[in-house]
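So you can see what is in the structure, the chains are spelled out below.
2 protein chains.
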Amino acid sequence: MKIYLAGPDVFLPAPLQAAAAKQAICSAYGFEGLFPFDNELDFSGLSSFEAAMAIYKSNIALMDRCDLVVANMTPFRGASMDVGTAFEMGYMAAQGKPVFGYSNDGRIYADRVTASAPGIDEQGQSIEPFETHDNLMLEGAIETSGGVFKCDSVGLEDYYTALTTFEAVVKAAAERLLP
Amino acid sequence: MKIYLAGPDVFLPAPLQAAAAKQAICSAYGFEGLFPFDNELDFSGLSSFEAAMAIYKSNIALMDRCDLVVANMTPFRGASMDVGTAFEMGYMAAQGKPVFGYSNDGRIYADRVTASAPGIDEQGQSIEPFETHDNLMLEGAIETSGGVFKCDSVGLEDYYTALTTFEAVVKAAAERLLP
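The listed protein sequences derive, respectively, from chains A and B.
All residue numbers for the first sequence refer to the numbering used here, where the first residue is 88 and numbers rise by one.
All residue numbers for the second sequence refer to the numbering used here, where the first residue is 88 and numbers rise by one.
Bound-form chain A, shown alone (with noise of 0.2 Å):
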């Protein structure tokens, strides 16, 4: 089976070095591990819009071929999760494949929004109380289909690369979804 590595670990100094690390987790249970990698396109000719495009065609393109997804929901730069990685999930839940996903963070949403009084932000606005560990929708595309939702506290130092939840994840997904 074909495990969809979504994330902003492409955003990562080393993106290579992070693909090859979590394809070789994929591999040891069992699992072929796809990252979208920007750089294979060839972008000659095309403007920065029509690069954005390609990229985007490219990724859609791999998600068909998989399984299944394994996010990396660790919150980037905001309270949330990415959200180009939010919006796969919402591409691969309603195509009916197991939603899969971790986070290097362990407070729930609810502690990580600074707030002005108790639930609300600093904006006035309502800070969702669920204690889900981001948006509701994410969760409950990972609760719904099937999937397992890790995370743990990781230190700043590795906060954006570590992979020990990850591989956690990796291993349930291995007892659901293979013989």
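Rather than coming from a laboratory, the hints here were simulated on the basis of the structure.
Here the structure is a predicted model, which is why all the values come from computation and not from measurement.
Heads up, a few of these hints could be off.
Identical copies look the same in the list; a pair holds intra-copy or inter-copy alike.
[Claimed, not checked] Here are the simulated DSBU-like cross-link-like pairs (lysine-lysine), alpha carbons at most 35 Å apart as the crow flies:
1. Lys184 / Lys89
2. Lys258 / Lys144
3. Lys89 / Lys258
4. Lys258 / Lys237
5. Lys144 / Lys237
6. Lys144 / Lys89
7. Lys184 / Lys144
8. Lys184 / Lys237
Dock chain B against chain A, hints included.
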């Protein structure tokens, strides 16, 4: 045709008022607007997590009834849009439904992320260089599904509530999709 009104508007201090205003605009252009409103559900006897799952299933059922989505992509608690809305754009895109979006922030994504060097954020991670208004998967879905994205620079006082750009997108959707 039915529009799924995706966005963090559900977290506004007056979500029912926001819903009514959007639905009135949809009606004026010949659409029916459906708004995910959590409080119509009966949460009695449910745990916090069970309540979240009930809302998830309710939103999924609502999306399945809709023909297109108009997503509020205004930045929410960070550099990017709301992740729940991003998930829903992916869910609708996978069903082959047209994805429309708007933002009350006219800046491209790269201009909203604090850089430590050209193209590099404060954590040393790369910033997408494509001149899209958020992660490329989102405008990719809009462009390839036949949708339209519009944005405008709205002042802070009605950054989260202004509907001028929303209305422009609903108008564009009517021109593209209605007889």
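Evaluated hints:
1. Lys184 / Lys89: both (11 Å within a copy, 26 Å between copies)
2. Lys258 / Lys144: both (30 Å within a copy, 27 Å between copies)
3. Lys89 / Lys258: within (14 Å within a copy, 41 Å between copies)
4. Lys258 / Lys237: Answer is within; shortest intra-copy Cα gap is 11 Å, inter-copy 43 Å.
5. Lys144 / Lys237: both (29 Å within a copy, 21 Å between copies)
6. Lys144 / Lys89: Both. Shortest intra-copy (18 Å) and inter-copy (27 Å) distances satisfy the 35 Å Cα cut-off.
7. Lys184 / Lys144: both (19 Å within a copy, 16 Å between copies)
8. Lys184 / Lys237: Both. Shortest intra-copy (18 Å) and inter-copy (32 Å) distances satisfy the 35 Å Cα cut-off.
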